[in-house]
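**Q** The residues making up each chain are set out below.
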Amino acid sequence: DAKTTQPNSMESNEEEPVHLPCNHSTISGTDYIHWYRQLPSQGPEYVIHGLTSNVNNRMASLAIAEDRKSSTLILHRATLRDAAVYYCILRASWGGATNKLIFGTGTLLAVQP
Amino acid sequence: SAVISQKPSRDICQRGTSLTIQCQVDSQVTMMFWYRQQPGQSLTLIATANQGSEATYESGFVIDKFPISRPNLTFSTLTVSNMSPEDSSIYLCSVEDRAGGSTEAFFGQGTRLTVV
Numbered sequence: 001d002a003k004t005t006q007p008n009s010m011e012s013n014e015e016e017p018v019h020l021p022c023n024h025s026t027i028s029g030t031d032y033i034h035w036y037r038q039l040p041s042q043g044p045e046y047v048i049h050g051l052t053s054n055v056n057n058r059m060a061s062l063a064i065a066e067d068r069k070s071s072t073l074i075l076h077r078a079t080l081r082d083a084a085v086y087y088c089i090l091r092a093s094w095g096g097a098t099n100k101l102i103f104g105t106g107t108l109l110a111v112q113p
Numbered sequence: 001s002a003v004i005s006q007k008p009s010r011d012i013c014q015r016g017t018s019l020t021i022q023c024q025v026d027s028q029v030t031m032m033f034w035y036r037q038q039p040g041q042s043l044t045l046i047a048t049a050n051q052g053s054e055a056t057y058e059s060g061f062v063i064d065k066f067p068i069s070r071p072n073l074t075f076s077t078l079t080v081s082n083m084s085p086e087d088s089s090i091y092l093c094s095v096e097d098r099a100g101g102s103t104e105a106f107f108g109q110g111t112r113l114t115v116v
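The listed protein sequences correspond, in order, to chains R and P.
Those letters in the first sequence? Residues 1 to 113, by our numbering.
Those letters in the second sequence? Residues 1 to 116, by our numbering.
This is chain R alone, in the form it adopts within the complex (with noise of 0.2 angstroms):
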């Protein structure tokens, strides 16, 4: 499975933009960009999901650099609710039964009031 790295830990003030960062440089072509996120004492729950172009949803935005190899996860306005573990992984785009959620490490977010 491709590799992504993700800074441990990031810090944000509440109501200000967040840009979570990730690289991945041995995607492969057919690789999605998935990112997940787990509040405390839950399990993880899924954010959004990119191939090649940005994608946006009610939760946050995916910035994907041309060559693929890095990826951005950008909150538009913190609140303490978004303070979680987020984990960037890499899936095949096919839906076959090896086709499975590997986690990294993740990058532990955290709000300040």
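For the record, the hints were derived by calculation from the structure and aren't laboratory data.
Among the clues, some could well be false.
Stretch-level coverage of chain P by chain R, calculated; a stretch enters the list once three of its residues show a Cβ under 8 angstroms from a Cβ in chain R [as the list claims (entries may be wrong)]:
| # | stretch |
| --- | --- |
| 1 | 36-47 |
| 2 | 107-116 |
Here are a few chain P residues that sit away from chain R, every Cβ distance over 10 angstroms (derived from the structure) [as the list claims (entries may be wrong)]:
| # | residue |
| --- | --- |
| 3 | Asp11 |
| 4 | Ser18 |
| 5 | Phe33 |
| 6 | Gly52 |
| 7 | Lys65 |
| 8 | Pro67 |
| 9 | Leu73 |
| 10 | Phe75 |
| 11 | Thr77 |
| 12 | Pro85 |
| 13 | Ser88 |
| 14 | Thr103 |
Yeah, the Cβ is synthetic: ideal placement off N, Cα and C, and Gly gets one too.
Position chain P relative to chain R; hints supplied.
**A** Just chain P now, with coordinates in the frame of chain R:
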């Protein structure tokens, strides 16, 4: 979306005993997975629970230690056998319904296991 119920939510067990964790989903799903999250660590995939056949285990996990059942498309169990303090972790069930082409995973709240 899928709503997952895991039972128990937490337990304290004596070493040498076994605990069975249940995962119930509110809809039929194609894929079910079990993860372990050791204190302060990320999630590690234990196995894929296959309906009607033996689970597929990841490297470092074996059926004798973590037997898994999946009798239908909405239910699975994970047993942690002959427990030791090193098995103290959060165990999470995850599901995906790939029938519609989605690869979004849903997770239960986890079972917090403490072995004493």
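**Q** Which hints from the list above does the structure break, by number from lowest to highest?
**A** Structure breaks hints 5 and 14.
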